[in-house]
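Residue numbers (my numbering), protein chains in the order written: chain A, 1 to 559; chain B, 560 to 1118; chain C, 1119 to 1677.
Everything labelled a hint here was simulated from the structure, so no lab data went into it. Among these hints, one or two may not hold up.
Unchecked claim - Far from chain A, by Cβ distances over 12 Å, these chain C residues were calculated:
1) 1275
2) 1317
3) 1329
4) 1338
5) 1344
6) 1366
7) 1434
8) 1456
9) 1471
10) 1478
11) 1518
12) 1527
13) 1534
14) 1535
15) 1537
Said to hold, decoys possible - Computed footprint of chain B on chain A, listed as stretches where at least three residues anywhere in the stretch have a Cβ under 8 Å from a Cβ of chain B:
16) 232 to 244
17) 476 to 484
Said to hold, decoys possible - Cβ-to-Cβ under 10 Å is the rule here; a few derived chain B residues that face chain A:
18) 763
19) 765
20) 769
21) 854
22) 856
23) 868
24) 873
25) 894
26) 895
27) 898
28) 906
29) 910
30) 913
31) 954
32) 1031
Beta carbons: idealized from backbone N, C-alpha and C, even for Gly.
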Amino acid sequence: MVPNGEASHKGKSSGEFLQIQLPPHHNFSRQVSLETGFAALNAEANRGKNAAFSPRGAKDRRILSRNGKSLGITTGAVAGADGVRKGDFSMFRTKSTLHKQLSMLPIRKESGLDLQNADGSSAGGGGGESGREESINQSVPAGRYFAALRGPELDEVKDSEDILLPTDQIWPFLLRFPINCFGICLGLGSQTILWQSLSTSPAMSFLHIPPYINTAIWFLALVTLVSVSLTYALKTAFFLEAVRREYFHPVRINFFFAPWISCMFLAIGAPPSLAPARPHPAVWCALFAPVFVLELKIYGQWLSGGKRRLCKLANPSSHLSVVGNFVGAVLAARVGWGEAGKFLWAIGIAHYLCVFVTLYQRLPTSQTLPKELHPVYCMFIATPSAASLAWNAIYGEFDAVARTFYFIALFLYTSLIVRINFFRGFKFSVAWWSYTFPMTTASMAAIKYAEEVPTILSKGLALGLALISSAIVSSLFISTLLHGFVWCSLFPNDLAIAISRSKHSSSAANIRIAKDKKSAPAARSRYDNLRRWAKKSLIPTTIDHHSSGHDSDDKRCTI
Amino acid sequence: MVPNGEASHKGKSSGEFLQIQLPPHHNFSRQVSLETGFAALNAEANRGKNAAFSPRGAKDRRILSRNGKSLGITTGAVAGADGVRKGDFSMFRTKSTLHKQLSMLPIRKESGLDLQNADGSSAGGGGGESGREESINQSVPAGRYFAALRGPELDEVKDSEDILLPTDQIWPFLLRFPINCFGICLGLGSQTILWQSLSTSPAMSFLHIPPYINTAIWFLALVTLVSVSLTYALKTAFFLEAVRREYFHPVRINFFFAPWISCMFLAIGAPPSLAPARPHPAVWCALFAPVFVLELKIYGQWLSGGKRRLCKLANPSSHLSVVGNFVGAVLAARVGWGEAGKFLWAIGIAHYLCVFVTLYQRLPTSQTLPKELHPVYCMFIATPSAASLAWNAIYGEFDAVARTFYFIALFLYTSLIVRINFFRGFKFSVAWWSYTFPMTTASMAAIKYAEEVPTILSKGLALGLALISSAIVSSLFISTLLHGFVWCSLFPNDLAIAISRSKHSSSAANIRIAKDKKSAPAARSRYDNLRRWAKKSLIPTTIDHHSSGHDSDDKRCTI
Amino acid sequence: MVPNGEASHKGKSSGEFLQIQLPPHHNFSRQVSLETGFAALNAEANRGKNAAFSPRGAKDRRILSRNGKSLGITTGAVAGADGVRKGDFSMFRTKSTLHKQLSMLPIRKESGLDLQNADGSSAGGGGGESGREESINQSVPAGRYFAALRGPELDEVKDSEDILLPTDQIWPFLLRFPINCFGICLGLGSQTILWQSLSTSPAMSFLHIPPYINTAIWFLALVTLVSVSLTYALKTAFFLEAVRREYFHPVRINFFFAPWISCMFLAIGAPPSLAPARPHPAVWCALFAPVFVLELKIYGQWLSGGKRRLCKLANPSSHLSVVGNFVGAVLAARVGWGEAGKFLWAIGIAHYLCVFVTLYQRLPTSQTLPKELHPVYCMFIATPSAASLAWNAIYGEFDAVARTFYFIALFLYTSLIVRINFFRGFKFSVAWWSYTFPMTTASMAAIKYAEEVPTILSKGLALGLALISSAIVSSLFISTLLHGFVWCSLFPNDLAIAISRSKHSSSAANIRIAKDKKSAPAARSRYDNLRRWAKKSLIPTTIDHHSSGHDSDDKRCTI
């Protein structure tokens, strides 16, 4: 409630694609005029202090405190700790910009993002400020994400879980901006290369694709990439704790590869009129270095196998952490460093092998993926397609190896297409963008194959795949615009980053309350039922209360 | 008991190989004269009604009802539900040919063979007609097969399990005719190709094998294939439910590939005097289409990973579902569609990789295979041999890839040969035929290798392997004839398809009985001991009672 | 107690490297002057008898009996069974050389080293001689090793475990001489080949390495190999039971490949001045035959998957059981048998695949490896490097396959190097030698690559890797000398071979004792605490008592 309008709309000036808009204004803060950037941030910090003294703000807070994390804790307990309520969003803030006097030790201990130490003891369930702080600063263990979340992207919270932030409010924009947004750049960047191939490939010359389509998409992709990168950079600056939680998230971690892969896509798909035919090797070095560092980190975790061993973490989005090698190999071949490309191809194939076999085995330890198909399964197509393209780029011929990978991708594509319940029953999310680039990669491999084996069938297949991928990217583009600017539902509250660090901490309070009522088990189960009911029924009510109250069109501004 | 003579001896006219003979005649139905085909079927349905009124039949039924599924249920309960007893075999009948008025809904729901839905709720243990029907119509979940069956082929019922059909009778012939019989076609079909190679390969020219051996085996294989196919088609027509249960069986499902692989073997091994050197591509399309559909289904199950994930289902017979790709690739190369062959090779190698690693790891989730060696382990040799042959056929040279796979097969062969307890302690079954074609494939690969590296050692190895495989096929052929026509034990009751859908349903009745006796645990354990004893001791008795009664030479007719 | 000084220092004459020295002298035998060889052995046997009658010896024994295996058993019970105490070391003796009248049956039953039968029933926990004998003769099941031991080399005993031999004494030298010592031969043998490559490779010609360095190292390695082999042969002759326990140890079993791989290293790295350029194929046959037999055994265990299935046994040292194939392939190419080399390469790659994927997945069944890095992880580098070298040797070119494996090795090397806690917190052991040869292999592959791609970077990399590996080998050599001859701590008591066969047997005695005290649970837990404390505190005390007593420089003689 207090600092919940953290939107920064610097994106407004950064292009026609991504319009990040205004902060939500609830009834107790609607008097604040629209401000921008850091000014808004400072203003909100002040607002938070003011709101603590306004009677209406206090009343609102009491209502809200029955939901979300502190649901069920008696109002007195919460009202007595104003610092706790104020910390609701600020606990994800970058620590150095906030209260420096508090608990610098755990931050310093954890700032190295040492994933190996993620199995620490759970915080003792206390309600005090320092306990809460500690519980946030310590990284969430991998098993906790699987225990508390569900869905193929691990982005939905299980019913039995409480989360740290109030679910009835709309959170600050930056907190709701997930790393998955780089998927948009992946989708557009790969389209750039596809249309470059379509316009330049001899196999596709019968289409007479003009080269300016490539140029147009390239600029669109560039603008998107810059916008998303800037926004996420702001998130990193202001909400470092939230970024760290995304980094520890078993699915999201793979999306940290997306920015660099997007850049490589843009470097590969740059229009010939703008870029030299052979970019400088420094481009490759600059773009691949972060990928390499991430790989050393993530593959090392698999290998040394603490809590984040492959057999537990493997999910289709793990392909994202492998495919970067093949994209990097293509770029290496483009800049003329063939041996570096072969190096990347070798890394990629070794780890692709592990990921492929692990995912196909569907070990009993990885039970989190539902059996329904989902766009995330498209990731299966990405890696063999990219491996095929990379081999062709490095060794200069579409030989048996490249064909084998291309055909594997083709079979997996077929295997997914024949399943009818493909896009059924899943609500749109920005992560879907990531699932378009595999299809684009497959169509690029099909074009290469059609160059090698120029038959009607292969050309038709290449054309068909290209059309499918472009159609899907177009429809996603429209969907994104609709969700973003018309329905304002592109960025819902990012519940996945706000799970409590341990189940224990949230239920401790309940037990204490139940104990007070003298008849623990019965009271507790009754209480739990009440809580479930409250969570499900109260939240829409209070949201309605907020949104239907005053300035109801404000809701549109939260994207 | 009543409709238990469902033998159809149309096989009698279909060649000298497969003589399917007469139905068993028990003492209460021996007055019925031998009839054929549909006439017999109709007659039996009538007989069932008549038998219900004959006092001797009723008495027999009371005796029998102490065994099999309903063992232990008081006679009154069974005698009160004549429909249940009559349904004993008819519940595996194709539903549309029987009582159409009953429960069409579950059939329609399940007719798509939707394996994903196989985890439904267990039937409630009731004894009524509709409950039984439902329990049959719903597909048996994969875990149930592992829980109730044992042995490397999952064809033996654990002692603690009851089965739905009476074990003391000889079931209708079609119910006892398993899909494994196509293994005979696999074994003979691969011999066809082997002898074709022996007679035409330059490396083997020193043997001067006449080409007519190939022709003779080819015709034998053709006749066998037609006979088995027709019989199984009849089974599909009359006992669709039994076929569906085989389809859901974790081991048997792989044998559904066998018919098409056999056809491809015959197409590849066709004598040059009869067939053109390059068959029409339509042959390949027609034969590989069903394999491709099955693969999409089965690999998709592995990938999407419901209850039938690879880490649970993997067993040596899973190789059968992979090897089809390589055989198809050889045929594709034969018809001149090299690219299609490469496509199949790529599919095959990707999934072979998964199966190979999974089987070598021996995950703790796949604990069903006993540690003793068994013919089923021969399947390990099949896939690398076929991969080697396919690569040679597609790319035209026995290069490093083909050699690597050939040598892997050779090592696995050695690894199996050095184990002395190879063929020990397992009784002959028709499934053994499937385990001959891997050896044949290995010897074909050895011949190709001997062509490439014509040394004494390689030629001797090829000759030795060819001799071993032919010797084994010959001995199996004789064994099959002996078991089929002399010992009449080729097709025992196929217990694997008659397990109850859930453990619960069969024990519910026992609990009810035990409850009546007021002292549940003690009574139940005493009761269980009695049941075990009855199952073991009573069954031979009643079988003896039947067979030693009248017309004891009828036993020979049940194959 | 009596035959506990089984040291044999025949090594004294076998070179300057391995000086195996004198038996331990405890306070009750410190009056015996230093003797050598079998004389010492006999002397000790006599000494043992004398000590049994000396009052001080008896007192000492009573003190000692409170530690080790019999800790906590009342002195009377032990003192009453002198045979038990006498058997402490003799139970690991080769049975035929000892009391032949006793229990020949189990030896004969087990002498085939039939690992499949290793899951037999546990000995009944009796304290008698025959029960103890049986418990030793039966092989220890694989799970037991994992349950009782810890550390990446499974060489440390968990606190809760008792071991069969007294931990406060220094055991006979041969009992303390582990199979891991062949790692020294691996490290020196691979250095031989490295310096041969450095002196002959055109890519490294700018270094002007004289060939006599190769010769010097080769002789050093040869002497080491002969010494270690002779010592281990003596161990096999006198302590066959201990060797069998090493054979059943999940990590040590892989070291049984080390002697033969060392021999192959020496055959490959023989100085050109001494050996013909192309050795006789019989050399390859003689050296590879044992490896092949071991492989058939071990891979067969993985495949048939009893208790020793791959998913349970896989650990980084499993690479040792795979790398032999590639070294054998290099040797096969050297002797001119290219096809045999391809055969080995195929075996190697198939099983490397399984090991690599299994280790990368880190299945939950293999939880024994700590997450800290350890020299044992260097083994990851060995196999791809060797595969690359072998492919180059067999097929004559460093093509895409060889490069892919070389680059995989390079990435894994990088992945290990960037982890800072690499050599931290682990005390030196002779097993570290095994972890040097992967680096040497990697640098050999780098030299081959530098020959193929002669750039500054590749040559520099090759030189750097060669320097690293030589530096590590040198420092290990010095460490070994220091530990061996100065600090006398090279061969500590080899606790891993002395775990009890089942947890039950050791605690049974305690239960019996506790029962006597009438208040079983409380007494037992108090008793256990006492036992733990005694184990931790008493042992150093008594050791100090021994060593600080008289002739404290005797300690140096135990190596």
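Going through the hints against the structure:
A cut-off of 12 Å between C-beta atoms confirms that residue 1275 of chain C is not in contact with chain A; the least separation is 23 Å. Consistency note on residue 1317 of chain C: stated as away from chain A, and its beta-carbon is indeed over 12 Å from all of that chain's, at 26 Å minimum. Its beta-carbon lying about 30 Å from the closest one in chain A, residue 1329 of chain C satisfies the requirement of being farther than 12 Å from that chain. Separation of residue 1338 of chain C from chain A is adequate, the least Cβ-Cβ distance of about 34 Å exceeding the 12 Å criterion.
Interface exclusion of residue 1344 of chain C from chain A stands, the closest Cβ pair being 37 Å apart, more than 12 Å. No beta-carbon of chain A comes within 12 Å of the beta-carbon of residue 1366 of chain C; the shortest separation is about 25 Å. For residue 1434 of chain C, the shortest C-beta to C-beta distance to chain A comes to about 10 Å, within the 12 Å cut-off, and the non-interface label is violated. Chain A leaves residue 1456 of chain C outside its interface by the beta-carbon criterion, the shortest separation being 22 Å against a cut-off of 12 Å.
Some Cβ of chain A comes within 12 Å of the Cβ of residue 1471 of chain C; the nearest lies about 8 Å off, and the non-interface call is violated. Remark: the non-interface label on residue 1478 of chain C conflicts with the geometry, its nearest Cβ contact in chain A lying 4 Å away (cut-off 12 Å). In this structure residue 1518 of chain C is not separated from chain A by more than 12 Å, as the shortest Cβ-Cβ distance comes to only about 6 Å. Distance check for residue 1527 of chain C against chain A: the nearest CB is about 9 Å away, which does not clear 12 Å, and the non-interface claim fails.
A Cβ of chain A approaches the Cβ of residue 1534 of chain C within 12 Å, the least distance being about 9 Å, so the stated non-interface status is violated. A Cβ of chain A approaches the Cβ of residue 1535 of chain C within 12 Å, the least distance being about 10 Å, so the stated non-interface status is violated. Here residue 1537 of chain C does not stay apart from chain A, with its beta-carbon only about 7 Å from theirs, under the 12 Å limit. Counting residues of the region 232 to 244 of chain A whose beta carbon lies closer than 8 Å to any beta carbon of chain B gives 0, which falls short of the minimum of three for the stated coverage.
Proximity of the region 476 to 484 of chain A to chain B, defined as three or more residues with a beta carbon under 8 Å from a beta carbon of that chain, is not established by the 0 residues found. This hint is violated: residue 763 of chain B has a C-beta 28 Å from the nearest C-beta of chain A, more than the 10 Å allowed. Among the interface hints, the one on residue 765 of chain B is violated; its C-beta lies about 33 Å from the nearest C-beta in chain A, farther than the 10 Å criterion. The interface hint given for residue 769 of chain B is violated, since its Cβ lies 37 Å from the closest Cβ of chain A, which is over the 10 Å cut-off.
The beta carbon of residue 854 of chain B is positioned within 10 Å of a beta carbon in chain A (closest approach about 8 Å), and the interface hint is therefore held. Look at residue 856 of chain B: its Cβ gets to within about 9 Å of chain A, closer than 10 Å, so that hint holds up. Of the supplied interface hints, the one on residue 868 of chain B holds, with its beta-carbon coming within about 4 Å of a beta-carbon of chain A, less than 10 Å. Checking residue 873 of chain B against chain A by beta carbon gives a least distance of about 8 Å; that is within 10 Å, so the hint holds.
Checking residue 894 of chain B against chain A by beta carbon gives a least distance of about 15 Å; that is not within 10 Å, so the hint is violated. Using the Cβ-Cβ criterion of 10 Å, the hint placing residue 895 of chain B at the interface with chain A is not satisfied: the shortest such distance is roughly 13 Å. For residue 898 of chain B, the suggested interface contact is upheld, since its CB lies about 6 Å from the closest CB of chain A, less than 10 Å. This hint holds: residue 906 of chain B has a C-beta 5 Å from the nearest C-beta of chain A, less than the 10 Å allowed.
For residue 910 of chain B, the interface hint holds, since its Cβ comes within 10 Å of a Cβ in chain A; the closest pair sits about 8 Å apart. For residue 913 of chain B, the suggested interface contact is upheld, since its CB lies about 4 Å from the closest CB of chain A, less than 10 Å. The beta carbon of residue 954 of chain B is positioned within 10 Å of a beta carbon in chain A (closest approach about 6 Å), and the interface hint is therefore held. The interface hint given for residue 1031 of chain B is broken, as the beta carbon of that residue sits about 33 Å from the closest beta carbon of chain A, more than 10 Å.
Checked against the numbered hints above, the structure breaks hints 7, 9, 10, 11, 12, 13, 14, 15, 16, 17, 18, 19, 20, 25, 26 and 32 and satisfies the rest.
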